[in-house]
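Undergrad: Chains as they are written, first to last, in my numbering: chain A, 1 to 319; chain B, 1001 to 1637; chain C, 2001 to 2129.
Simulated from the structure, these hints should not be mistaken for lab results. Mixed in with the good hints there might be a few duds.
FRET-style restraints, in silico, Cβ to Cβ [unchecked claim]: (1) A/Q122 to B/E1187: 41 to 49 Å; (2) A/G232 to B/I1522: 16 to 24 Å; (3) B/E1187 to A/P162: 42 to 50 Å; (4) C/A2061 to B/F1439: 41 to 49 Å; (5) C/V2029 to A/G232: 51 to 59 Å; (6) B/E1120 to C/V2032: 54 to 62 Å; (7) A/L275 to B/P1519: 35 to 43 Å.
Quick partial rundown of chain B residues pointing at chain C, CB under 10 Å, derived from the structure [to be verified]: (8) A1094; (9) P1096; (10) W1097; (11) L1241; (12) A1270; (13) G1309; (14) L1313; (15) W1370; (16) S1377; (17) M1379; (18) A1382; (19) L1389; (20) M1393; (21) T1443; (22) Y1601; (23) H1602.
Being a predicted model, the structure only gives us computed values, none of them experimental. All C-beta atoms, glycine included, are put in the ideal place defined by N, C-alpha and C.
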Amino acid sequence: MAHETATALAPDAPASPRSAKPLQGHSPVTPGKVAMWFFLATEVMFFTGLIGTYIVLRAGSPPTAYSNLFPPASAKAERPGLVGLRIEQPGDVEAVARLIRPLYEAHGAYYEGHDLEHLIEQGHAITPGLEPEKTEALAAQLRSLGATVEEESLHTYAWPLPYDTHTNPLSIDLTAVNTFILICSSVTMVLALAAIQRGDASRMRLWLLATIVIGSVFLGVQVYEYRELMFGHVYPPGISADGHFRPSSSLFASCFFTMTGFHGAHVAGGIISLLILFLTALKPGRYTQAHHSPIELVGLYWHFVDLVWIILFTVVYLI
Amino acid sequence: MSTNSLGSADGNIEPVSEATRAEARAASEGGGHGDHGGHGHGHDDHVHPAPSNFLTRYIFSTDHKIIGIQFLFSGLLFFILGGLLALAVRWQLAWPWSRVPILSTIMEGEWKTGGQMPPEFYNKLFTMHATVMIFFVIIPLLTGAFGNFLIPLMIGARDMAFPKLNMLSYWFMWPAFILMLQSFVVEGGAAEAGWTSYPLLALFRWATPGSLNGQTLWLMSLLFAGVSSMMGSINYITTILMLRAPGMKLFRMPMTVWALFITALLQAFALPVLTSALVMQLLDRTVGTNFFTPVAWSVANQPGPVGGGQTILWQHLFWFYSHPAVYIMILPAMGIVSDVISTFSRKPLFGYKPMVFAIAGIAFLGFIVWGHHMFQSGMNPALGATFMLSTMMIALPSAIKTFNWIGTLWSGSIHFTTPMLFAIGFVSMFVIGGLSGIFMAATPVDMHIHDTYFIVGHIHYVLFGGSTFGIFAAIYYWFPKMFGRMMDERLGKIHFVLTFIFFNGTFFLMHIIGMHGHPRRIATPYEYEFLNRPGIHFMNEFMTVNALLLGASQLIVVYNFVVSLFAGPRASENPWRANTLEWATASPPPHYNFLKIPTVYHAAYEYSVPGVEEDYLPQTRPLPPASQQMVLEPARG
Amino acid sequence: MAVTYATHEEQEAAEAHAPYIKVWVVLLVLTVLEYFYAKLMAGNMTALVLGLLILAGIKAALVALYFMHVKFEGRWVYAIMVPAGILAAILVLALMPDIGTAPENPDVEETVWSAPNAPLGRDEPGVRV
């Protein structure tokens, strides 16, 4: 395409932005860069669709949408004064499960298989909120089965709070580390570009490989996180009615999986592009000091994906 | 999305090498204005012959002209499908529950009603009519067919900036085509929640037969069409910004290119929001996310989702794209009509720069008026008032355009060729469609007419009388350039007259029955006492007869198109004696478009320049020195 | 923001030797800062949101300016991204009145009349006013 891009340098052509710019000393404006930046602008609008949806749905969420005692979006959480029981020491797990399972089901929380037993064993089980006098009767029954219980009054939230294990299953520690990892992949990417700008092709290949590896680690951690949320753990009813955090569990879950999922898909796309770059870069002389725009363009995309994650980590996990 | 564009861009994104740059700079310093020999080194040395392989030449072609013609043919085929769907809608409205010719025979076994159209089938008809016409006909024809074919030719480039991306953008339409057609035959049939696909009707699988499976395919199909449009628009923007011929300053570009450029910007910024909305509705339907479902809803006693979302959210996101989409469908036609009117008035376009700014103004305002589709949706009234105001402001740039077209025609030497007739038809019909639009911008008026036939009349005056007339003008105007043969003028004029008459016969009465309260999107209007009257019956029958005749009139253009394609008289290089660059090369243009990249000396509208022998002056020829001063005058009789 | 260089070569050299490692360290420090800030301010929503958004904004700006070379590009990049940002803001702001305002009174009967978009008839499938 080089022949076409040269056109506007011919006479009478001050109109083209490219013809004037290199002389002023900015980076040269190439069709590839223009297209990539426009593509990134479309990506901004796409993520605005998703993140904006999350922001307004969260802002408009009614104050009783989430609670420590009831599944998400349960109207029961609107009644103040209810009390639940945290089962600290399970005693006879089977019997306790048999006793409290109907209570959960009456509130729309259906546990499958041995999920409820696991929840009780881990000490995460909280019974749904009841009138205080009914709770006392239940506490007596549970104690007779050898369990130690603690009363817990109803707390409601418009949205799950960070670090609140009753309503929010996300691990900030794990994701903070993962954010660290993605930022590292961004710097290796820019170092790959800097290397080829100095003409050092072998160093560039190394940095590209490093970016691919670190990016894959990020993606791997995200897959692990998804697996734990969706299948690995059993969560108390305040997080999900069936004990697993899945896209259908709550509006919070829907937003979380859609945003991070599409970000993850973009990371996967970036890794594939980087892999193609790396494989083509194995051919000596494919990318040189004078000719390396594919590295630059994929780099732009990769940093943009990193930038989106910086925002997602803040608005989804930390806030 | 990302990987595709990146992958295909690979190999096309080489920067200008320093050597080329230096040579070009040297040439630019050395070469005088009239000297064609010195510059354009890069172009002339790299003329590639067309691929000899049939597959890479005509099917998987990276040539923008072939891709444009591919879009043209697929768009016209879907035009036939969309038109037939509309005729079936009209049939039901005029003669409810009677056997529909052909359709009833085909669907007999499926319907089991003795040939009567079930109401849900009627819903499918208008849903798919709108979907097909908007996403598979008008947008692909205007931006896909004419955008592709014209942009490189009109700016003097050899091809698009990214030819492979261009090819991909066409082939991403095919999954969309196939999924949409497939949706007709899946269990429950095609989508029937309207082309707007509002939740909850579109969301719950058991809400209506079309929502069982058809809606999922509808969403997937539009995702593919969206990716295709994204690729196209980024390509167009980059091409127009970066590949203009020497001397083709931004304010020397023909209006068609300006309109396509701004349309591409609209698509680039608005479409991703629709993509995100489509994705969310798809996830709501398939994996049970809760974006658009309120708390504790269920349909047909199916277990409901957790909920917590908002149905009106979809409407906002949908119209954030689909209102700009209305301008995506009209702006290119406005550009085309500007060029056609100027050419056949043999006069410069009146107010070229205001025309450009008017298009830009319409495009910008187009982003902040989407709420006027939602006055009845329980939107916040304060927001509604804002949207009402911004909507009314759109009348200003639109009026500038209309008056400038009239100013161009004024005391021009008008040649009533077929493209010119369609262009004038566009202007007059757009005035009707535009004025009825201002009625509906006012919230209280819209409350009354929003879900009536008034709005159906309005949109068809803009989309048929506007966009489609523009498409016809473009087909008649550029057919010689596309295929190297002339279309028959006499048949073209008959086609125009019949189309114009039957179009008005079909759509004008819709305003009247709409004001009377005739609801849209309902198979049984006569259930209502106030509609079950001879006057309404007569008007509906009258409209349907006109619609059938309108459909039949299109056989003329089909015949004309096909016969001219093979047996039309050979077209010369510049049969209309027009100024723009595409007429400066052979008809049809060779694979590489221009033997030598032309140099541009002035804007595209130098007709009847004093001191020039002919009444036109191609952009490739410099102005005579004596007329330099005169040219700056905008209105020259 | 854009820095001008006398020649293209000088500018390429500036890109090749930009302080990437320094930027990287700052980004990591800011991430750690965000982490502890979020932990400390967990109770105070306003301070949490404001502080974290400022920190995230600085991080995003650093990535864009240095890693994405916006600092070295001409103004055309802003011409593309600023309109996108404005449109994004318009979209989110326009969604706020309809979707982003929480119903003040959770009582179902009253909500129906005061806020048209509040969830209706919860826990009773099919109940609509």
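Undergrad: Out of the numbered hints, which ones does the structure contradict?
TA: 2, 5, 7, 8, 9, 10, 19, 20, 21, 22 and 23
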